[in-house]
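Trainee: All chains, please: the whole structure from these sequences, using the hints.
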Amino acid sequence: MSTMKKLWIGIGILALLSPLGVILPKMFGAKGAWGEWGLKEIEKIAGFVPAGMKRLAETWKAPLPDYALPGQGKGPAVESFGYVLTAIIGVVLTAGLMYLLTKLLVRRKNDK
Amino acid sequence: MHIPDGYLGPATYGALYAITIPFWAIASWKLNKTLKTKQAPYLALGAAFSFVIMMFNVPIVGGTTGHATGATLIAILLGPWAAIICVSTALIIQALLFGDGGITTLGANCFNMAVVGGLVGYGIYRLIAARTDVNSTRRRVAGAIAAYISLNISALITGVEFGIQPLLERSATGQPLYSPFPLSVAVPAMAGEHLLVFGFAEALVTALVIKYFQKNDPEMLGS
Numbered sequence: 019m020s021t022m023k024k025l026w027i028g029i030g031i032l033a034l035l036s037p038l039g040v041i042l043p044k045m046f047g048a049k050g051a052w053g054e055w056g057l058k059e060i061e062k063i064a065g066f067v068p069a070g071m072k073r074l075a076e077t078w079k080a081p082l083p084d085y086a087l088p089g090q091g092k093g094p095a096v097e098s099f100g101y102v103l104t105a106i107i108g109v110v111l112t113a114g115l116m117y118l119l120t121k122l123l124v125r126r127k128n129d130k
Numbered sequence: 002m003h004i005p006d007g008y009l010g011p012a013t014y015g016a017l018y019a020i021t022i023p024f025w026a027i028a029s030w031k032l033n034k035t036l037k038t039k040q041a042p043y044l045a046l047g048a049a050f051s052f053v054i055m056m057f058n059v060p061i062v063g064g065t066t067g068h069a070t071g072a073t074l075i076a077i078l079l080g081p082w083a084a085i086i087c088v089s090t091a092l093i094i095q096a097l098l099f100g101d102g103g104i105t106t107l108g109a110n111c112f113n114m115a116v117v118g119g120l121v122g123y124g125i126y127r128l129i130a131a132r133t134d135v136n137s138t139r140r141r142v143a144g145a146i147a148a149y150i151s152l153n154i155s156a157l158i159t160g161v162e163f164g165i166q167p168l169l170e171r172s173a174t175g176q177p178l179y180s181p182f183p184l185s186v187a188v189p190a191m192a193g194e195h196l197l198v199f200g201f202a203e204a205l206v207t208a209l210v211i212k213y214f215q216k217n218d219p220e221m222l223g224s
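Those sequence lines, one after another, are chains Y and A.
Using the numbering used here, the letters of the first sequence map in sequence onto residues 19 to 130.
Using the numbering used here, the letters of the second sequence map in sequence onto residues 2 to 224.
Rather than coming from a laboratory, the hints here were simulated on the basis of the structure.
Keep in mind that a hint or two might mislead.
Said to hold, decoys possible - Quick partial rundown of chain A residues pointing at chain Y, CB under 7 Å, derived from the structure:
hint : residue
1    : Gly10
2    : Ala12
3    : Ile27
4    : Ala48
5    : Gly64
6    : Thr90
7    : Leu98
8    : Ile104
9    : Ala173
10   : Pro177
To be verified - In silico DSS-like cross-links for lysine-lysine, where the CA-CA straight-line distance does not exceed 30 Å:
hint : chain 1 : residue 1 : chain 2 : residue 2
11   : Y       : Lys24     : A       : Lys31
12   : A       : Lys37     : Y       : Lys121
13   : A       : Lys39     : Y       : Lys130
14   : A       : Lys37     : Y       : Lys23
15   : A       : Lys37     : Y       : Lys24
16   : A       : Lys212    : A       : Lys39
17   : Y       : Lys49     : A       : Lys37
Note that this is a predicted model, so its numbers are computed, not measured.
For each residue, glycine too, the CB sits at the ideal point set by N, CA and C.
Mentor: Written out as structure tokens, the structure is:
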């Protein structure tokens, strides 16, 4: 098997294992990343919601926020499934976009 | 380390777009001059790796979470300019599709993780690896140290960006308009958690993958 194929299998395994990235933090009672709180949390932590932050927070509505599927329920099984699926979607789109970008950047001349 | 929309004011996020765009341009120009068709799949793989490794949130017991970025590793294997483009691509998909990191702050996030991560990681790796044999232990150690330091510099810069917000932009009544935590809170928080925990995640990932390439495809590690 080529190295390239093995490496893609490695990425696939990482996508399947990705729920560890939500399960472990829950097990160890870790909250989330520092400085990535939502408006409700920031109000709890700082005691108020800064006006500019409130205005900018809704700049963009992502279709799959927080690596979850639309209408996804609660619970470790559902959340893990959503995480794996969004990992696969993300991997495919990131690789696809990167591949297109490189194809645009490559000049045939460099191949010689 | 993905700064959401609203945490940085226009002065900061504007400046960071202005700094990052030239790096994207130089990186594109460098790749345009050197990239071969057969390398395109490797860049796709690198970007995909960066995307998925950032989903592995490492917890601090009862505290926060953080993650590796893959920036140093990609810089070692594909070069610093490819790393900037790969990690930026992952960050763009994360922001647009999953709301992980903001749109106004995309320039900042790409600067912190892709530009700083890639360039600092590569520089330190070259410095330590020097002309040692591709298969040497020193290469793995160099990768681990470079990864640890580069992620920590990224975190420190991110902490400073957070921390200067209350100094830069306040309402008429003196209330912070954006991230409300001062430098004395933001910098120790960001730096501390990466020094203690997340930097080691980046170091481990980098060393393990270098070891894999030493065993299976040492050509990727160059000379």
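Trainee: None of the hints should be skipped; say for each whether it holds.
Mentor: Going down the list of hints, with the structure as the test:
no., hint, result
1, Gly10, "holds, 6 Å"
2, Ala12, "violated, 11 Å"
3, Ile27, "violated, 13 Å"
4, Ala48, "holds, 4 Å"
5, Gly64, "holds, 6 Å"
6, Thr90, "holds, 5 Å"
7, Leu98, "holds, 6 Å"
8, Ile104, "holds, 4 Å"
9, Ala173, "violated, 10 Å"
10, Pro177, "holds, 5 Å"
11, Y:Lys24 - A:Lys31, "holds, 28 Å"
12, A:Lys37 - Y:Lys121, "holds, 9 Å"
13, A:Lys39 - Y:Lys130, "holds, 12 Å"
14, A:Lys37 - Y:Lys23, "holds, 19 Å"
15, A:Lys37 - Y:Lys24, "holds, 21 Å"
16, A:Lys212 - A:Lys39, "holds, 23 Å"
17, Y:Lys49 - A:Lys37, "violated, 44 Å"
In summary, the structure is inconsistent with hints 2, 3, 9 and 17 from the numbered list given earlier, while agreeing with the others.
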